[in-house]
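K.L.:
Residues per chain are reported as follows:
Protein chains: 2
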Amino acid sequence: MSLLVIGTVAYDGLETPFGVRERILGGSATYIGLSASYLTKPVHLVSVVGDDFEQTHIDMLNRHNVRTEGLEVMAGQKTFFWKGKYHLDMNSRDTLDTQLNVLEHFNPKVPDSAKNCDVLMLGNLVPAIQMSVVEQLPTRPKLVVMDTMNLWIENTPEDLRKMLKKVDVLTVNDEEARQLSGEHNLVKAARAIRAMGPKILILKKGEHGALLFGPEDEIFFAPALPLADVVDPTGAGDTFAGGFVGYLDSVGDYSFDSMKRGLMYAATMASFCVEAFGPERMMDLTEDAIRARRADFAQLIQVG
Amino acid sequence: MSLLVIGTVAYDGLETPFGVRERILGGSATYIGLSASYLTKPVHLVSVVGDDFEQTHIDMLNRHNVRTEGLEVMAGQKTFFWKGKYHLDMNSRDTLDTQLNVLEHFNPKVPDSAKNCDVLMLGNLVPAIQMSVVEQLPTRPKLVVMDTMNLWIENTPEDLRKMLKKVDVLTVNDEEARQLSGEHNLVKAARAIRAMGPKILILKKGEHGALLFGPEDEIFFAPALPLADVVDPTGAGDTFAGGFVGYLDSVGDYSFDSMKRGLMYAATMASFCVEAFGPERMMDLTEDAIRARRADFAQLIQVG
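So the sequences go chain by chain: R and X. Just so you know, our numbering puts 154 at position 154 of the first sequence, and the rest follows in order with no gaps. Counting from 1 along the second sequence, just add 1000 to a position and that's the residue number in our numbering.
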């Protein structure tokens, strides 16, 4: 099995009610890759950083079997930087600073070793860049999963529509689903989005769990684990996606039933992510911790 | 088995994006009683109305085996009236009018036929009135469940604290739980509230489902069913409570495992309530419809 992940690798400045980090590793591909690395291998990462990017972070990714042949280091450029602040409810955040840096020139090149991947995970990026990755692959992967955001729904709707026809699964949050579909009701929004291309829609609702809408109008729900200590939600959505594609790539079964199990792994991985700042908690997980947490989730919805 | 329900019986004026009702049957005891009536009997209702209350509504309750010996009709007085407006997201509402009318003089009298109830459901009311009901019962019911709201948390905190020591299960929404406990995190809030008296806390999150916190720090989650057509959320929380106590009274098993099953019935009944205005949908349910909906819920969280 083989998973290819495209997305950002970044430095983030984070402020939550529980602390501050001036500069911490971040980016969608970082979270997706780390999360998936606990469930499958190899994980190929395609992204771009500046020459300020620390070798220790590349080493860390490699130690987790995240392969970085596709991580371009751009000389004379700086790594993408994002700074945000969360308030007490942590469901919304303020962006304080965005420095695109290398992202302005990002032209992803998929290494030969990753071109025959089974599963392709397109992290949130300009749709045209996502498309350029799809076009580099000689054969269509068995599963294509894509994330997107409000910015592309507003600014590049036509490119986004074209991309949607290329993917099996789209992951968005509830507000993005409403914006993309023009429907307030989420069941209707899911139907409208599935008519745009993706047979499957994953609706991420943060602390309220996630919904999986299937090709026959099936609905499956994975709760979020109520946690006493939520420190920083940054990356939780990407970690969720990483758990989903990591599980599916590991089993090679892309049926709707398999996706349900994948959603439970997605929720499990995301529950770890929020327990510490940035990707800190995602660097030191053990198989035992994941198994125990997965059992907590089963317990949460187990009718006695 | 026998269930005693105390709460309001009212007329409501309702406005949602899907329509308007100038004057429709409402009140917490109405919703709780109707909902429970599909799962257990007898259901004894204790409340108060004015002499403007229509006999057809009393007949309707009786047809559903909701016994109204404890429904006082106050001569020369008007029934409690509430008017509210919901916006598109339906998670919040504006109160447009409140006419307490008979509620200003409400002094509930539990009829003898209901004094030895197994389960007592105290709908949202002034805590002192809830207490007066508890004090009329010769023996403590096997299960006491109580609902409350922000108004009593703010205005009569001492009376509320006294009441909390008398109950087994408290039902509140997430904002009320935060307000009552002073904790933003819901896991910590639940612990703090359970230390005030109720061994069990039910946290209602509306369209995001409900959490059940148990005596040993257990957590169980019941999702809400994603529905394509939500017309009016009025009464959903009370209908939820009615499903919970109705189920528990019907089985006579008040263990935490039984409460988990009760929560699934609670969610099932609430999912019907929101499909029509006021209690309209709660008047014509069938056993088959309830069984089918209960199966939809099981399906929603069934990992394949």
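FYI, nobody ran anything at the bench for these hints, they're computed from the structure. Wrong hints could be hidden among the right ones.
[What the hints assert, rightly or not] Capping the alpha-carbon separation at 16 Å, the derived lysine to aspartate or glutamate pairs in EDC-like fashion look like this: (1) K205(R) / E1207(X); (2) K1205(X) / D89(R); (3) K1205(X) / E1287(X); (4) K1078(X) / D1112(X).
Please read these numbers as outputs of a predicted model, since none were measured by experiment.
K.L.:
Evaluate each hint against the coordinates.
P.N.:
A quick look at each hint next to the structure:
The hinted pair formed by K205(R) and E1207(X) meets the criterion: a straight-line CA distance of about 11 Å does not exceed 16 Å. As the CA atoms of K1205(X) and D89(R) are separated by approximately 15 Å, the hinted pair is consistent with the 16 Å bound. Our distance criterion of 16 Å between C-alpha atoms is broken by K1205(X) and E1287(X), whose separation comes to about 26 Å. Restraint check for K1078(X) and D1112(X): not satisfied, since their Cα atoms lie roughly 26 Å apart, outside the 16 Å limit.
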